[in-house]
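Novice: Each chain, written out:
There are 2 protein chains.
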Amino acid sequence: MDFFFQPQGIALIGATPNPLKGGNAILRNLLKGFKGAIYPVNPRYETIEGVRCWPSVTALPDPLDLAIVFVPAPHVPDIIRQCAARGIRGVMIESSGFAEAGPQGAARQAELAAIARETGIRLWGPNCMGLVDAHAGYVFSFVSPAIWDDGLIPGKVSLVVQSGLLSGGFLIDLATHGTAGISKVCSVGNKVDVNECDLLAYLLADPATEAVGLYLEAIPEGRRFLELCRRSAKPIVVLKGGKSPGGAAAARSHTASMAGNGAVVSGALAQVGVVEATGFKQMMDFCRTLAEYPRVPATVRGRVAILTYSGGSGIVSADGLDALGVPLARLADDTLAEIKQVFPDWMPVSNPVDLWPAVEQHGAQKVFSAAARAVLADPGVDALFIHAFAGGFALEVDLTEIAAEARRRGKPVICWLLGAREPSRRFQTTTQALGIPVLREIPRAVECIKTIFTPRAVSTPPPADNPPPASVAARLRSARGALDEHRSKTILAECGIPVVAECLVATLAAATAAAEKWGYPVVLKGLVPGAVHKTEQGLVRLGIASAAALEAAFRDLDAAMGAKGEILLQRMVHGQPELIAGALRDPQFGPCVMCGLGGTLAEILGDATFAVAPLSREDALSLVGRLKTRQLIDGFRGTPPVDRAALADILVRLGRLMAAFPDIREIDINPLICVNGRPLAVDASIILAD
Amino acid sequence: MDFFFQPQGIALIGATPNPLKGGNAILRNLLKGFKGAIYPVNPRYETIEGVRCWPSVTALPDPLDLAIVFVPAPHVPDIIRQCAARGIRGVMIESSGFAEAGPQGAARQAELAAIARETGIRLWGPNCMGLVDAHAGYVFSFVSPAIWDDGLIPGKVSLVVQSGLLSGGFLIDLATHGTAGISKVCSVGNKVDVNECDLLAYLLADPATEAVGLYLEAIPEGRRFLELCRRSAKPIVVLKGGKSPGGAAAARSHTASMAGNGAVVSGALAQVGVVEATGFKQMMDFCRTLAEYPRVPATVRGRVAILTYSGGSGIVSADGLDALGVPLARLADDTLAEIKQVFPDWMPVSNPVDLWPAVEQHGAQKVFSAAARAVLADPGVDALFIHAFAGGFALEVDLTEIAAEARRRGKPVICWLLGAREPSRRFQTTTQALGIPVLREIPRAVECIKTIFTPRAVSTPPPADNPPPASVAARLRSARGALDEHRSKTILAECGIPVVAECLVATLAAATAAAEKWGYPVVLKGLVPGAVHKTEQGLVRLGIASAAALEAAFRDLDAAMGAKGEILLQRMVHGQPELIAGALRDPQFGPCVMCGLGGTLAEILGDATFAVAPLSREDALSLVGRLKTRQLIDGFRGTPPVDRAALADILVRLGRLMAAFPDIREIDINPLICVNGRPLAVDASIILAD
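Heads up: the sequence lines are chains D and Z, in that order.
At position 508 of the first sequence the residue is numbered 508 (the numbering used here), and the sequence of numbers has no breaks.
At position 537 of the second sequence the residue is numbered 1537 (the numbering used here), and the sequence of numbers has no breaks.
Derived by calculation from the structure, the hints in this document are not laboratory data.
Mixed in with the good hints, there may be bad ones.
These stretches of chain Z come out as covered by chain D in the derived footprint (C-beta under 8 angstroms, 3 or more residues) [what the hints assert, rightly or not]:
hint	stretch
1	1168-1179
2	1231-1242
3	1302-1313
4	1318-1329
5	1602-1612
6	1632-1645
Think about it this way: if two alpha-carbon atoms lie no more than 27 angstroms apart in a straight line, the pair counts; the simulated BS3-like pairs of lysine-lysine are [to be verified]:
hint	chain 1	residue 1	chain 2	residue 2
7	D	Lys628	Z	Lys1628
8	Z	Lys1450	D	Lys450
9	D	Lys450	Z	Lys1628
10	D	Lys21	Z	Lys1366
11	D	Lys534	D	Lys517
Note that the structure is a prediction, hence the values are computed from the model and not measured.
Note that beta-carbon positions come from the ideal geometry of N, C-alpha and C, so glycine has one too.
Same shape as in the complex, but just chain D (with noise of 0.2 angstroms):
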């Protein structure tokens, strides 16, 4: 990939003198930064822009091993292909009217696609934005010119956006407010070759990318992607459009690719450490933090100081942290004995640090570096989060040392910033430039925190042994669609998930014995073929307590079934909590496993969590700590806790019986009952294809 990111030479097709066309920007841009040969390619002019133009590709001399195209779409193919005949190793096509533009544009982006397969030329793009790399100088790209006078300040995240306009919008945006360094902004377009992988591969190994923020609307190489995600030691922030059903509608209509389900996205990023964001500044903002602290040790709590000239931003960082469950320090007694030295004697000193009072005795610098240095060294401190003002009250602090203490102590600064225009510009910069983040509003700087201590999950590949029993095979080859509920069961016992004790029983005497086996009470359910809703049916009898009431409750269902049924004799089980548990196949991610609470609360609240299958254990673990309810599963008000390396045994057996059958498409355990904190397998259904 590297022709791409750092050509020798570069030919231009659809190079133009007229200043208003895309044609003419991309070679102002390129005289702007690169450095290698420019080939101008357009046969009605002898120069352009001062450059000699030449009248085709064929012509064209060494050094040359990338070509920009961005002339009308019909034309496209045939310059491909005399690219690939001149020995082009790639092509960004930055030309739309492809796949975005209706069956014709479709027809020429296969046609690109197969000129791709037969010479093995790499295609990026069409309909794209192409390259920006503010460190080397390099805009491949359309862009207006003018992004170059507000300063393409170098930084250290690089970005990969999917849609076009938006990417080359949002760099607008960026590199003119001028407030966030970036590497390099990859426009992937159509996709029909290169792609996020690709690319995401690229950024990862790349030295000068420190974070990767990534907008996709689709994952269609989904394990490829978490594959890479998985073995990152990078921050990797993703925002993913089109969760919801508004958005996968308008996403199927936008690139007509299928957006997949919000949750099993979200489960299967987070499980390979992949932080979610829900805007474009925000993901923004999460890559330059993230960039800064890549990864503090998951046994740091995040114990955050606060040093502000404002009580009540102070207050209000205070609720915000709060809010997102991210802890205040706790200031030591030597902590706050050094600060109360420049503290008027009236005032205690407490976290949130207001430091207005001792800035008007001793001036700003001296008072925040002063307290800075005193929470730094604290013991109980992980993190500073510093407010800053620009442009008035003399309170503008360089805080040059204070990074530097900060850096030898390893603990994160932040940065909230309010102020005049102009000089609030010039800090952020300044301070930026420090490797201190600065944020414009207190819930997002509190945000960039949280992300900071929130525990990445480290997913390590699961081992291959113990496949589900030869026998389990056996049942599923004669079967198809939807599996009775004893049925179901008993392939997950054989596959070492535990189930509630239980038998067919032809007879009354049979159902009887086993009763007196288990004790009382039992539960009765007839079994119908296709009845999936047997309690709607009047096929479950609960709570059977003793012999006279099996045998009436017997007679009754097996009048009820005529012959269409069998009758399933189970023990009456009771415990807290009831779990959900399953398991599906999605489109983008293939085999995923599913945990949640039962219950009609927890299906109003919609908490169950996903990961991808086959699950390590640590996957299994994680995929528990991420329900919002997880402190029921830790044991509450009397509950019993449940025993998570059980639960977590449960998910990794369901994950391996989905990766080992693709004919599975679905199973589902409800109720997950826990017994003693023992979850137990009550109700299940596997559902095969047809």
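Since the structure of chain D is provided, determine the placement of chain Z on it from the hints.
Specialist: Chain Z in isolation, oriented as in the chain D frame:
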């Protein structure tokens, strides 16, 4: 209060020619905008800034109704006395060194309070930044005169900010970024006399104010504040600092004021239609949005049409709306057909409407205008969310016509803007002058749209009739501390709250007789004075199903209690959902009523809402409607719906009881079990003052 906002003449005590001092900044700010008489007072100078300077307040001529004081704190009390003697009606004290500055400062502030009481002079501050009025051009503040350079753009939003420096800093940030027009910013400081209620009352009557935002750490005149909000036709947005434990502790140390219980504050504010914010800029964004769209009829659902130039932005917007429960509009066939006219043939129209391919064909202005006209005319569209780009791609659109059309149709328009720095600022300023709020992040824009369409409670004062019966007063008169379950429920029953059938049973015969009358199963409870946790102490026997079991349980309990207690027999009831209801006395707002869902999961969720008592029926219904789990109240998965009228009636009666008897500290009904939808108090406790 007019002398604060529209004075005829202003004395400035503490005027100085030193440009680094606040006393000079105030004078320059006055000279730049104030049209009335200006009297700098300082015995050491003849003139300052070219204006005649006066030796003392006493010597000043008419007109004179306001003084601004900026001298060291120890001199302030004497100055105030002189002002009162001179007949000055109001003083803004901008000096610090009072209650915020230790015991000596607090004593000084007490002296100011005494002077105000004695003389009737009104005092604003101390420790404040005074007043800025962007319409009049009045800056009665030591904020840097640089604020004028970037234009104090007049707007519709007035702010009241408790924190002094914050108000100044925030104002500079808002004004210099030039994007959010303000009307008046009032910095209230230590509130020795003039407080947020006085200012709110003034601003609600002020024709130049369309919406009010307040940052408050405490609301000591809680009832007066709520009454002002209740009567206001103008939207009010509050950012309440100190709602979390950490924030509350910080608020106590900042202004020595009780921040109160965060959930109670939220309930009280929601009850009177106040919108809450969690950050300063969010507060301002909500204010400027609601200033344009102050009150949408509650029947309008808020179905949003999205016009965008970027598929990706449309998708993220749809996801954002979905996450907040705001519906995406389903466009009518006519609308689709009309938009289709500017679309390329191959492209279907759907909402979000991605206009980019059409823009490429016809230009942005034509396409955006045509599409906006179409969706605004659609009866299925309640609001327009338009995406704009400034500074490139020939995408900039003049929204004048769209704004006019939207106003004609009474449909709100919200704009999200991406773009280069200077063009963005120009676009934002121009567009906001058209009455269209422009936001810089999609999630924030979506929050603002939600705020427009969130029905704000229309709270009516409760009718004064139906006080609790005289028998209740008699029972309460003799009691102290925690009442037992039976005595508590007797009082609730006398107030008209349905309680479970129960009676004290002195003998087994009495117990058996009652059980036979109601039918088994029954419950026995041992009431021991001072024993609060009956279940933990083994004093509760549930599900007694027969006379024999009753006898055993009775003897058992009797033995367990010895001679210390009484035995209570209850009918055993079952039902779903299990609610809780209660009441407490809040330091800021007085008696408050609470409702929530019972059970452990609800406890984990912390799902309980509050309202200030006495409650109107509407208050009670809206209290229930604010529950996160309100879906359960409406019947879910076979649970019958709760009789909302009966539930509201219980809450109203609880409120009346609290309001009528100040000796009641707390009432707790837990559980309030819904039997066939009718809530019934099954356990309860009333706690009186000791």
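Novice: All hints, please: hold or fail.
Specialist: Each hint tested on the structure:
1. 1168-1179: Our answer is that it holds, as 8 residues pass the Cβ test (under 8 angstroms) against chain D, meeting three.
2. 1231-1242: Our answer is that it holds, as 3 residues pass the Cβ test (under 8 angstroms) against chain D, meeting three.
3. 1302-1313: holds (count 5)
4. 1318-1329: holds (count 7)
5. 1602-1612: With 4 residues in contact (Cβ-Cβ under 8 angstroms with chain D), the coverage given for the stretch 1602-1612 of chain Z holds.
6. 1632-1645: Per the Cβ count (4), the hint holds.
7. D:Lys628 x Z:Lys1628: Holds, at about 14 angstroms.
8. Z:Lys1450 x D:Lys450: Status holds; Cα separation ~26 angstroms.
9. D:Lys450 x Z:Lys1628: 24 angstroms, holds
10. D:Lys21 x Z:Lys1366: Cα-Cα ~20 angstroms, so holds.
11. D:Lys534 x D:Lys517: 25 angstroms, holds
The structure agrees with every numbered hint stated previously.
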